[in-house]
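Q: Protein chains in written order, with our numbering: chain G, 1 to 618; chain P, 1 to 159; chain W, 1 to 411.
Treat the hints loosely; a few may be bogus.
Said to hold, decoys possible - 20 Å max Cα-Cα, derived EDC-like pairs, lysine to aspartate or glutamate:
#, chain 1, residue 1, chain 2, residue 2
1, G, Lys287, P, Glu27
2, G, Lys226, P, Glu124
3, G, Lys6, G, Glu112
4, W, Lys215, W, Asp278
5, G, Lys150, W, Glu403
6, W, Lys358, W, Asp278
7, W, Lys61, P, Asp84
8, W, Lys391, P, Glu27
9, G, Lys414, G, Glu390
10, G, Lys583, G, Asp520
11, G, Lys212, P, Glu27
12, G, Lys215, P, Asp44
13, G, Lys215, P, Asp119
14, G, Lys151, W, Asp118
15, G, Lys593, G, Asp563
16, G, Lys287, P, Asp44
Unchecked claim - Using C-beta positions, here's what the derived DEER-type ranges look like:
#, chain 1, residue 1, chain 2, residue 2, range
17, P, Asp84, W, Arg191, 55 to 61 Å
18, G, Ala230, W, Glu340, 53 to 59 Å
19, P, Phe74, W, Thr222, 55 to 61 Å
20, G, Gly532, W, Glu340, 43 to 49 Å
21, G, Gly532, P, Asp8, 56 to 62 Å
22, G, Thr117, W, Gly324, 30 to 36 Å
23, P, Asp84, W, Gly324, 33 to 39 Å
Said to hold, decoys possible - Over 12 Å on every C-beta distance to chain P, these chain W residues come out as not near it, computed from the model:
#, residue
24, Ser94
25, Leu201
26, Glu219
27, Trp247
28, Asn263
None of these hints come from the bench; they were simulated from the model. This one's a predicted model, so the numbers in the text were calculated from it and none came from an experiment. Glycine included, every Cβ here is placed at the ideal spot set by N, Cα and C.
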Amino acid sequence: MAWTKKILRVNLTDGVISAEPLNMEWAQQYLGQRGLATRYFVEEVDAQVGALSPDNKFIMATGPLTGTMASTGGRYSCITKSPLTGTIACSNSGGFFGAEMKNAGWDMIILEGKSPTPVYLYVENDQARLIPAEDLWGKSVWATDEEIHKKHQDPQIRIACVGRAAESGNLFAAVVNDLHRAAGRSGVGTVLASKNVKAVALRGTRGVGNIKDMKRFMDATFEHKKVLAANAVTGAGLPTYGTQVLMNVINELGALPTRNMREVRFEGAHSVSGEAMHEPRASDGKKNLTRNGGCFGCTIACGRISSVDRTHFSVKDKPQYWGNSGGLEYEAAWALGPDTGVDDLDALTYVNFLCNEDGIDPISFGATVAAAMELFEDGVITTEQTGGIELKFGSAEALVKIAELTARGEGFGKEIGLGSKRLCEKYGRPELSMTVKGQEFPAYDPRGIQGMGLTYATSNRGACHLRSYTVSSEVLGIPVKTDPLATDGKPELVIAFQDATAAVDSSGLCIFSTFAWSLDNIAPQIDAACEGDWSVEKCAEVGARIWQLERDFNMRAGLTAADDTLPKRLLKDAANVGPAEGKVCDLGAMLPKYYELRGWTTEGQLTPETRQRYGLPS
Amino acid sequence: MQKSLHIDPEKCTGCLQCEMACSYENEGVFNPSKSRIKVFTFHDEGRFVPYTCTQCDEAWCMQACPVDAIVLNFVTGAKYILNDRCVGCKVCTIACPFGTVNYNTSTGKVIKCDLCGGDPKCAEACPTGAITYIDANATGLERMRMWAAKTDTQASTHA
Amino acid sequence: MNYVIIGTGPAGVVAAETLRQRESTAAITLIGDEPEPPYSRMAIPYHLIGDIAEEGTHLRKAPAHFERERIQCIQQHVSNIQVDNHQLTLADGSQLGFDKLLLATGSRAVRPPIPGMDLPGVTNCWTLADARRIIAKANAGDDVILMGAGFIGCIILEALAKRGVNLTVVEMENRMVPRMMDEQSGGLLKRWCEQQGVRVLTSTKVKAVSVAGEKLYVELETQPAMQVDLLICATGVKPNIELAKGWLQTRHGILVNRRLQTNHPDIFAAGDVAEGRDFSTGDYSVQAIQPTAVEHGFIAATNMSGGHYLHQGSVNMNVLDTMGLISASFGLWQGVENGESATLNDPEHYRYINLQFKGERLVGANTLGMTQHIGALRGLIQNRTRLGKWKDYLMDNPSRFMEAYLQQRVA
Ligand SMILES: Cc1cc2nc3c(=O)[nH]c(=O)nc-3n(C[C@H](O)[C@H](O)[C@H](O)COP(=O)(O)OP(=O)(O)OC[C@H]3O[C@@H](n4cnc5c(N)ncnc54)[C@H](O)[C@@H]3O)c2cc1C
Ligand code: SF4
Ligand code: SF4
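Could you build the full structure based on these sequences and the hints that come with them?
A: Next up, the structure:
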């Protein structure tokens, strides 16, 4: 149980809204959220579909533990085909939206077709309707959120919406919920906007029950919350520094990609680190970080709530940005900072606000700006293209201006909105794009952390750290320390992480819990809540099945083994300093073994045996 | 010694574990919308403020109830609703100047904090110590009484 | 000390209990003329629905509560009082003396001067006796007219609808609850009732009522006549000031000062019968609501027994559930001169909020479809909270009132 066992299906083309029972057989095979929604998706959508065509679908899905007292149980995911990568997209978000969906009585919302005019979906328990949104079109996420709350006169409504970037066709637009939590990657917001859907607004008052064994569940969640509290990372590091705890650590390691990954260490890392966010600033003595905030049910509370220095050039005349909002997480700080060479914490925080305000993925944005900066320095693009902006590495002014344009889908911001792959191709320098399958890299240089190279190359949604965060093992020693420079054993490690992550992403829990929790902690919580037997082994198997299903979709979408690779810069140009000095990412040493262990042919296709083993749909 | 809920917004991260614990205790499901304690978010200020009944001395709700459905627990000092007496007239919801009695449309009765009979689940669930259940003469109650006093508009001079 | 209280409604009962709390040895007598234990009129609608038995309306539930509190209860009408010699006369002719007297005689329902209003098929809905009549005569399939869609009318409307009668509401003003809700929300309320299958005729008057066989023949202005089984009259109430006449200053109700004392130092008045101070206006008027009756009872008793408690005035407020649509009003919801107001209106979904400000303070509010934290509106008004920047926020989005309220307490 724990599932509400109900799906809300919304046909946007003809405006028909219907409820249907959840396929419980699939739920036993794919658990929920990422896995289960993908199962629905591959069943219903042709893999060759154009991501922005009305035939693509968009699923918002919760896990069985979403909305329960299990710590971190507030997640939901957006599943669709990505316009950025052409692969399956699955972007996970926290905040309060997911729990509200469960409270309204739904495991998933499936949006299909395309509305003839802009609308937003309003769901109050079992009542759902499409409401005209012409007046909201052209508004930012923040303005939309405010308008919808006003319209319904209910401060408790939870809203996920897209901003102006998505409307303008930006290919890495996010769906932002609760003002500053985002299903950020792969352009899921772009898809939602392409369907003329501005927002999904939820109000649920029915409660989340259906727990298989309530007493055991309460005991288990209580027990494992203690584990999170006692752990150095989840109990102290993350609450204090957030994921930004990593900035200095990764820089030390020589694995902090800098200036479009030309370098692996950033001289200004400290100025934009978690520690710096705690330092009182000169102007008003306040810290960048006001406090840490939690998502629904989360006892870690790694969220940053920050403010920008009012005297800073970026916001001086803009009082609307003087308040607090979602602050820098590590990946965003890296993409906006080291990768562009900018070491100005206030500029980064302001740009992060803009990313939330208009719904763009700060990783893809920062990395694309980094690529554009390299194009600019190489003279391939000039101020003619940028509209007068001196797009130089290290320029906070340039970053801020470009961010404003990109957020609103104006000027050169529209070109940034293509993403780094299309931008670099357009200007004839594809090798400058630091992407895999069209998606920009996050903040770990695979020359210094080899496992992450394999992670990026094989990730089912293009370059991403959140598909198998081997940094845990290779850097932090969780659950066991492995050598970040070694390639031996990495295929096994990556697979274990990929499978466990897929299971966690399907449960409703947050992947950050796994700094302290393994499946040994998570499976008992799922098992107490959900009907069926949810042992550690079953969870891992479900995770593997999900991975195979996603892979299968991508192959049918037309990807090949050739897409499982990294930019030349990482494979050919050695790191210039640090422990990895002289090293490249030795992907070739890991990939064949990985294919073999996954049960794929050398072309990267699932073998019939693998297909059968996991009971995949044909 | 009577105890009271002490709330320290400085410590709150807005995770809503308290709301879930409260609704689970009282409704048997996780349902923040039915929680007796509510966490309010002040986004611009970057603050989270848990808020519930202070079990004020004036007990406006109890006084206003036309059918004696709100009664005092002499041990805990809580004013609590007797469900089988409450007729759902909602007068208490407008009488309480703190806004802490709410109508529950699904039952047709009202809900308010009853301190869980002396073992408040919100305090137990709070991971940061933002909600604690402590001796009433400690600072917490003093502060809450001060809030209450601000609303005590009647008293100019008591005798 | 010998205290006598006339009236066993909430004002009288709270006063008696307060006196007992303050003086353990005093003699306290509580006189009421209804043939029931002290009960609450407010609970009558829930009895009509069948949610509670008659006992459920009783103000105090513990058996022998008044005995235990040593409050002597007398079930008789008081015919007159002799203020000069501190005496009163009961209906059976017996005399009773008092040191201090509280008049908590409440109000009674009145019928408009229309021919036929005294026919047996016409009733008020004010007392338990009325309720028994309605229960006998208004059942599934019966045709019923409810005259008056004011506050009381609207409250019993749901009960009547739930009893399954064919209901027609006749209101002479142009909207429902004209003395509690503004035009927009009152209009929404009407539409809501109609959507629930109740016929609502506003701007319509009853001209005359006569007998037509088993039924009543009701003539209406501007509408065809109707034949009904029962006509319930909820057109207004009047304070029971007869006892005070000739002795004490009266206007619409009995005049009192801020101690709830009449112009005679030993006689106090409380509840529906008293013109108490209104918090918002500072004027003295009859509010005729339960929370005010309770407040009066407490303050009057405190002052009768030697306390000095100045009444700041009661906030006029109401909450109403009309077949599931909940409306509320607070303070000066009509607004004030040179004031400002903020409105959100979503007529499609029956949600409405209007806040009225004077300077940076909230002075009144109307809401429709809101159930959460609405007491804070009273708090904001009654604390005369300086809203500061939250005034602007509320002007933009009045539904954020709870945050505005909380901001003051914890900032
Ligand atoms: C159906 C209905 C619904 C209501 N709903 C609400 C509501 O939702 N909210 C709200 O705030 N208010 C409501 N009210 C109004 C509320 O009930 C009154 O404001 C309240 O009862 C006033 O209390 P009181 O003690 O002043 O007078 P009462 O309750 O009227 O009590 C006065 C008593 O004194 C007795 N009495 C009078 N004269 C004499 C005499 N000479 N000798 C002996 N006894 C005498 C009367 O018979 C009566 O029993 C409602 C009223 C009704 C009828
Ligand atoms: S609900 Fe309100 S009036 Fe009642 S005891 Fe609590 S604070 Fe006081
Ligand atoms: S809603 Fe219930 S508890 Fe509140 S005043 Fe009415 S009867 Fe009493």
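Q: Hints first: check each against the structure and report whether it holds.
A: Against the structure, the hints:
no.: 1; hint: Lys287(G) to Glu27(P); verdict: 41 Å, violated
no.: 2; hint: Lys226(G) to Glu124(P); verdict: 13 Å, holds
no.: 3; hint: Lys6(G) to Glu112(G); verdict: 17 Å, holds
no.: 4; hint: Lys215(W) to Asp278(W); verdict: 44 Å, violated
no.: 5; hint: Lys150(G) to Glu403(W); verdict: 14 Å, holds
no.: 6; hint: Lys358(W) to Asp278(W); verdict: 17 Å, holds
no.: 7; hint: Lys61(W) to Asp84(P); verdict: 12 Å, holds
no.: 8; hint: Lys391(W) to Glu27(P); verdict: 36 Å, violated
no.: 9; hint: Lys414(G) to Glu390(G); verdict: 17 Å, holds
no.: 10; hint: Lys583(G) to Asp520(G); verdict: 36 Å, violated
no.: 11; hint: Lys212(G) to Glu27(P); verdict: 17 Å, holds
no.: 12; hint: Lys215(G) to Asp44(P); verdict: 39 Å, violated
no.: 13; hint: Lys215(G) to Asp119(P); verdict: 18 Å, holds
no.: 14; hint: Lys151(G) to Asp118(W); verdict: 49 Å, violated
no.: 15; hint: Lys593(G) to Asp563(G); verdict: 17 Å, holds
no.: 16; hint: Lys287(G) to Asp44(P); verdict: 15 Å, holds
no.: 17; hint: Asp84(P) to Arg191(W): 55 to 61 Å; verdict: 35 Å, violated
no.: 18; hint: Ala230(G) to Glu340(W): 53 to 59 Å; verdict: 54 Å, holds
no.: 19; hint: Phe74(P) to Thr222(W): 55 to 61 Å; verdict: 60 Å, holds
no.: 20; hint: Gly532(G) to Glu340(W): 43 to 49 Å; verdict: 59 Å, violated
no.: 21; hint: Gly532(G) to Asp8(P): 56 to 62 Å; verdict: 42 Å, violated
no.: 22; hint: Thr117(G) to Gly324(W): 30 to 36 Å; verdict: 32 Å, holds
no.: 23; hint: Asp84(P) to Gly324(W): 33 to 39 Å; verdict: 22 Å, violated
no.: 24; hint: Ser94; verdict: 31 Å, holds
no.: 25; hint: Leu201; verdict: 27 Å, holds
no.: 26; hint: Glu219; verdict: 35 Å, holds
no.: 27; hint: Trp247; verdict: 27 Å, holds
no.: 28; hint: Asn263; verdict: 22 Å, holds
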